[in-house]
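Protein chains: 2
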Amino acid sequence: MEINYPNGKIYTPKKNNSENRSKKDYSYSNRGKTLEDEINETNDYYMQKGTAVIHKKPVPIQVVKVEYPSRSAAVIKEAYYRTASTTDFNGVWKGLHVDFEAKETKNKTSFPLKNIHAHQIDHMRLVTEQKGITFLIVRFSLINRYFILPFKPLQDAWNVMCNGGKKSIPFDFFEQHAFEIVPGAYPPIDYLQGVTRMLSE
Amino acid sequence: MEINYPNGKIYTPKKNNSENRSKKDYSYSNRGKTLEDEINETNDYYMQKGTAVIHKKPVPIQVVKVEYPSRSAAVIKEAYYRTASTTDFNGVWKGLHVDFEAKETKNKTSFPLKNIHAHQIDHMRLVTEQKGITFLIVRFSLINRYFILPFKPLQDAWNVMCNGGKKSIPFDFFEQHAFEIVPGAYPPIDYLQGVTRMLSE
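Keeping their order, the protein sequence lines are chains Y and R.
Under UniProt numbering, the residue at position 155 of the first sequence is numbered 155, and the numbers go up by one with no gaps.
Under UniProt numbering, the residue at position 78 of the second sequence is numbered 78, and the numbers go up by one with no gaps.
Be a bit skeptical, because a hint or two may be false.
Stated by the list, open to error - No farther apart than 25 Å at their CA atoms in a straight line, the calculated lysine-lysine pairs in the PhoX-like style are these:
{"#": "1", "chain 1": "Y", "residue 1": "K56", "chain 2": "R", "residue 2": "K77"}
{"#": "2", "chain 1": "Y", "residue 1": "K166", "chain 2": "Y", "residue 2": "K103"}
{"#": "3", "chain 1": "Y", "residue 1": "K114", "chain 2": "Y", "residue 2": "K167"}
{"#": "4", "chain 1": "Y", "residue 1": "K94", "chain 2": "Y", "residue 2": "K152"}
{"#": "5", "chain 1": "R", "residue 1": "K49", "chain 2": "R", "residue 2": "K94"}
{"#": "6", "chain 1": "Y", "residue 1": "K77", "chain 2": "R", "residue 2": "K57"}
{"#": "7", "chain 1": "R", "residue 1": "K57", "chain 2": "Y", "residue 2": "K65"}
{"#": "8", "chain 1": "R", "residue 1": "K33", "chain 2": "Y", "residue 2": "K65"}
{"#": "9", "chain 1": "Y", "residue 1": "K131", "chain 2": "R", "residue 2": "K49"}
{"#": "10", "chain 1": "R", "residue 1": "K94", "chain 2": "R", "residue 2": "K56"}
{"#": "11", "chain 1": "Y", "residue 1": "K57", "chain 2": "R", "residue 2": "K94"}
{"#": "12", "chain 1": "R", "residue 1": "K152", "chain 2": "R", "residue 2": "K131"}
{"#": "13", "chain 1": "Y", "residue 1": "K94", "chain 2": "R", "residue 2": "K94"}
{"#": "14", "chain 1": "R", "residue 1": "K33", "chain 2": "R", "residue 2": "K94"}
{"#": "15", "chain 1": "Y", "residue 1": "K56", "chain 2": "R", "residue 2": "K57"}
{"#": "16", "chain 1": "Y", "residue 1": "K131", "chain 2": "Y", "residue 2": "K94"}
Hint data in this document are derived by calculation from the structure and do not stem from the laboratory.
Taking the hints into account, I'd like the entire structure generated from these sequences.
Structure, rendered in structure tokens:
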């Protein structure tokens with residue numbers, strides 16, 4: 001069986017059924033796409049339009065064993081996923097360093113903070129100190145709503161949790177402190193528009 | 001075994017034998033370390049000092065087969081190295097987006113341009129258009145000299161090659177157009193000092 005993977009993506013048939021999706025059931029809800037897909041497509045759009053140069057970082061993998069078959073590419077035969085020490089996305093936009101993490105949740109009423117790691121909060125703090133722009137994009141997948149949560153309120157919620165408080169961020173906290181992004185066809189999720197609003201406040 | 005290292009001579013052991021290296025034969029030539037090691041250590045130093053937040057991006061790997069042994073971490077059983085579409089290092093430094101590639105050569109008289117890929121030049125051009133700071137760090141390993149080559153002269157040399165000209169950048173081109181960095185103990189290679197000089201010109 002011959003399968004091509006043009007985007008370097010892993011074929012995960014059980015989840016993403018975008019190939020079987022007929023045109024007519026397509027809406028701006030970007031059904032079947034992961035948030036990561038949506039952001040990657042948006043970043044492609046930004047790059048084509050000359051808006052920004054933002055990429056997802058590769059997943060960090062610890063390679064243990066590699067074989068070198070003759071006349072073929074090296075094959076990794078044993079490797080493990082490592083925990084990322086930074087955020088997933090970064091790049092440059094009109095002279096600004098942009099650095100963010102993106103998470104989706106099936107929860108409708110709150111965003112569980114277990115989706116974020118302590119070292120990511122540390123990283124975002126350091127980036128803020130260097131005058132980079134950092135934030136969290138959250139997709140509430142079941143209600144199809146997207147928010148840009150600036151680092152400051154994210155850090156506040158994180159500190160509450162670290163002091164024994166709530167382990168999740170309630171939905172209305174997003175309505176108060178975050179900037180909503182309305183999904184579109186192309187780009188799927190024009191987050192820099194939300195960041196523009198965030199920076200103007 | 002005790003070895004003396006005359007001027008500029010580099011000790012290149014088969015692997016990194018830093019554990020066996022006694023204190024007295026240590027010099028600023030960072031013997032046995034790769035340029036990547038030196039830059040990673042320098043980035044750690046910058047992070048500790050609050051100077052900048054710059055990281056190496058993980059190597060992009062195409063995962064094909066993963067196994068999930070019970071009670072253990074996922075094991076990648078088949079994967080391939082992919083070509084990076086951007087530069088290796090990026091981050092933020094006092095509000096500036098910094099984005100660069102680092103290469104070492106054993107050549108003493110020129111830097112072969114085959115070390116750089118066309119898509120990296122494209123990426124650097126796009127970053128420049130977004131007002132990011134981008135450059136190439138080159139280590140001439142056998143003579144222990146380090147240079148920061150700004151994107152503009154790199155692009156010029158690249159274009160010469162694309163038009164049928166020289167396939168390498170002569171050493172004296174670096175002396176004319178690049179900013180030399182003197183290696184140290186810690187940080188091993190204080191490249192932001194070179195970038196500061198580059199930006200002030």
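Against the structure, the hints come out as follows:
no.	hint	result
1	K56/Y with K77/R	24 Å, holds
2	K166/Y with K103/Y	18 Å, holds
3	K114/Y with K167/Y	7 Å, holds
4	K94/Y with K152/Y	22 Å, holds
5	K49/R with K94/R	13 Å, holds
6	K77/Y with K57/R	22 Å, holds
7	K57/R with K65/Y	21 Å, holds
8	K33/R with K65/Y	22 Å, holds
9	K131/Y with K49/R	16 Å, holds
10	K94/R with K56/R	18 Å, holds
11	K57/Y with K94/R	22 Å, holds
12	K152/R with K131/R	13 Å, holds
13	K94/Y with K94/R	15 Å, holds
14	K33/R with K94/R	28 Å, violated
15	K56/Y with K57/R	10 Å, holds
16	K131/Y with K94/Y	14 Å, holds
Hint compliance for this structure: hint 14 alone is broken.
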